[in-house]
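Number of protein chains: 2
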Amino acid sequence: MVVREEVRKMKSVAPLVAGLSNEKRCNALILIADRLEEKKEEIFIENKKDLDFAAQNGVAESIVKRLKFDEGKLRDVVAGIKQLISLEDPIGKLTLHRELDTDLILKRITCPIGVIGIIFEARPDALVQISTLCIRSGNCPVLKGGKETTNTNRILFNIIYEAVLEAGFPEGCMLAVEQHNEIDELLKCEGLVDLLIPRGSNAFVRYIMDNTHIPVMGHADGICHIYVDEWADIDTAIKVILDAKTQYTAACNAVETLLINRNQLLIKNFIPRLIEALAENGIKLRGTSEITALADEFYKNHPVNTEADNSENVNQKLDYETIDESEFKEYLSLIVSARFVDNLDEAADFINQHGSHHTDCIITSSDDNADRFMQLVDSAGVYRNCSTRFADGFRYGFGAEVGISTSKIHARGPVGLEGLVTYKYMLTGRGHIVGEYASGQKSFHHKDLL
Amino acid sequence: MVVREEVRKMKSVAPLVAGLSNEKRCNALILIADRLEEKKEEIFIENKKDLDFAAQNGVAESIVKRLKFDEGKLRDVVAGIKQLISLEDPIGKLTLHRELDTDLILKRITCPIGVIGIIFEARPDALVQISTLCIRSGNCPVLKGGKETTNTNRILFNIIYEAVLEAGFPEGCMLAVEQHNEIDELLKCEGLVDLLIPRGSNAFVRYIMDNTHIPVMGHADGICHIYVDEWADIDTAIKVILDAKTQYTAACNAVETLLINRNQLLIKNFIPRLIEALAENGIKLRGTSEITALADEFYKNHPVNTEADNSENVNQKLDYETIDESEFKEYLSLIVSARFVDNLDEAADFINQHGSHHTDCIITSSDDNADRFMQLVDSAGVYRNCSTRFADGFRYGFGAEVGISTSKIHARGPVGLEGLVTYKYMLTGRGHIVGEYASGQKSFHHKDLL
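So the protein lines, in turn, are chains F and V.
Under this note's numbering, the first residue of the first sequence is numbered 1, with each subsequent residue one higher.
Under this note's numbering, the first residue of the second sequence is numbered 1001, with each subsequent residue one higher.
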């Protein structure tokens, strides 16, 4: 397949898709949900091929879990489609309505972005979510999924594409790309593809960003911080840190760095609790020398219990090492970095300089400190007293997400329907010309009608 | 000056500027307006240096007109500042307020983008407009103006910067770059500069886009079309075409291409009127052979009157030449391209494929045709029966503009205050963790509070 030619056709079909009614787009989604359920046995057969191939090639269990498309996953994607149908139509919203002068009327109306290229990991449910988000928002997707799910992706794409054609969408409104080398062709489709959304490893996303002139939405790193303030409630701190680190370690919104206020009382009460909690959960601590010195001291006073039960001893020893803060990074595993900060402002500044502007959290009981942190930290998500793992389109109530954006341009954070629309200005006159305004013969009165 | 170091300092100052109150930002604008008026004689002296230099170096009259900063320009920029003060604060707007679950509250709040690099043409009034838009929206601008206005830019920058410091803005919140080679340094400040807005020639904007990983907002080409529909009112068509072509030929929103419906009645009534109007206004026509054949025929029937008055003759001959439609381009002068189209859909398709997605217009008395055109044409501005020259921030009532965007991402069309903001998600819990939702122990209820 010559990607460029297919995408060129899609570009000329895109305005037709943009003009389809809300009813037609919703009907397409209903058909998709029906067809997926009707053809589930065929889908499971194709999925088994991918699973068998993965087993033969010794693919890790954690990846196989994501490849699997079973009754449970089907139920989830169908529920997701039904949620999408229930959401307000993002297209055709009047966001500005202004009379510039008599009979010269300006409207700003939301409309689809057009052609969107999405390159995503080996997860068949992602294909369904991304396609249906695009269909609901009147966009034309070019889809490239992970190669480990080629068979499942192919049948899912065919079912969805046939359903949208049946619903009255024009031919060529969706495109599947299967070969990895076709990604490079796609990157060169400047002027035809309006937006690229890459998902996957840090290195992969950076490769996309560095090799195209098409706008890219997404995130490379996910280095999320939790700042434990001097006014932190210690139970809350421990509970949130453990969830943010362990609930799903490979996620971009898992915590990677702890910043701890250098308050003496906090150190006395919080550090031993943290050491025990990390040890019990098998989390390795990579801390600055100040932090690890406290761990050394802790184990001097509380030897590890190797034989009988002893209340003065502890049961598990923390795995820890001393590093410099320049070595802090994204682990995506059971490792966490830690250092002290003198105050909240230093924490915010450290996050702004070393974070990835994804999601960062303060643990505090002080409203003033929370407000200041949430104001100063320049991230898509700024949290108080809750896990960074909440940064997710479904959890925010967006139905699903095409990705999470750490960019400040266009869309930020989890990107659902709203991030998939743009707008156009429509101006209607009765032979109005600028010359009459430039000469002072007429003047604007700018009366808002909305 | 090492640009990167200065920009790094600005980056750490940006969250403080973002946190300044609306009152403080408005007070800064009031001070700027006052200081500009108080120090106008000093400004005019510096401006005379630039004008003298231009005169000595034989700079074209049209450019000198833009370099000039006189009482009239001062009055305009001060009026612009007052309009900016009167506009609603774009910062801190609550655009989403949702209870995800009991005590787990999500807010989405508008906030400044941060550090914005703006490279603009030699127009001192542009420096004032751009700076004040950034100040009103809580952003930190890095400003590089055209070298022909170095002296005027320097004094204007100093007056504005001193005024914002006096108003309580932090040091380093604004930066002026004077050397052309420093632009390349600025392009490398990925991660420090959040957005670049280049204004100027097509080639220059393209150079910026091709040489940075920082998001770029703006437009390279401005190839605007007027489609004369079969239901066009001919007087309206002639009036709008002349304004769109002649009112300011060097503007990006001037019309460059005419698409004319191949309806026989329209050809009979409209083409002779067009030929006469273009000839009278000294506009050269570059048309396809079908178009120029009609001009040949016209002059066969209406010879040019070289001597006495004669009602059968015409007074001026149109300058025209036959070209292929692949030669249509942006002229920015008194030249216009023209071709026929079979119908409205062909016109829309031609515009989508050959235009620059800036501003395109239909001349028609048919509501249905206008609606279809405005739906199908994929441009930032889609107009009916009015001049493309209206595409402008001031005329839309945005106070001013930092530029016009032909991108579909983030902001489209004239970019005023709204295009200079982004948002952040703020989530507040009471120790909420994802684990409890993943296990089914708790569930989201997503109740909108707005």
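Treat the hints with care, since some could be wrong.
Stated by the list, open to error - The calculated lysine-lysine pairs, modelled on DSS-like cross-linking and capped at a C-alpha distance of 25 angstroms, are:
#	chain 1	residue 1	chain 2	residue 2
1	F	Lys39	F	Lys82
2	F	Lys107	F	Lys447
3	F	Lys93	F	Lys24
4	F	Lys188	F	Lys65
5	V	Lys1093	F	Lys93
6	F	Lys93	V	Lys1107
7	F	Lys188	V	Lys1442
8	F	Lys65	V	Lys1442
To be clear, the hints were calculated from the coordinates, so they are not data collected in a lab.
Verification of the supplied hints:
no. : hint                 : in the structure
1   : F:Lys39 x F:Lys82    : holds, 18 angstroms
2   : F:Lys107 x F:Lys447  : holds, 12 angstroms
3   : F:Lys93 x F:Lys24    : holds, 17 angstroms
4   : F:Lys188 x F:Lys65   : violated, 34 angstroms
5   : V:Lys1093 x F:Lys93  : holds, 19 angstroms
6   : F:Lys93 x V:Lys1107  : holds, 22 angstroms
7   : F:Lys188 x V:Lys1442 : violated, 46 angstroms
8   : F:Lys65 x V:Lys1442  : holds, 24 angstroms
In this structure, the hints that do not hold are numbers 4 and 7, in rising order.
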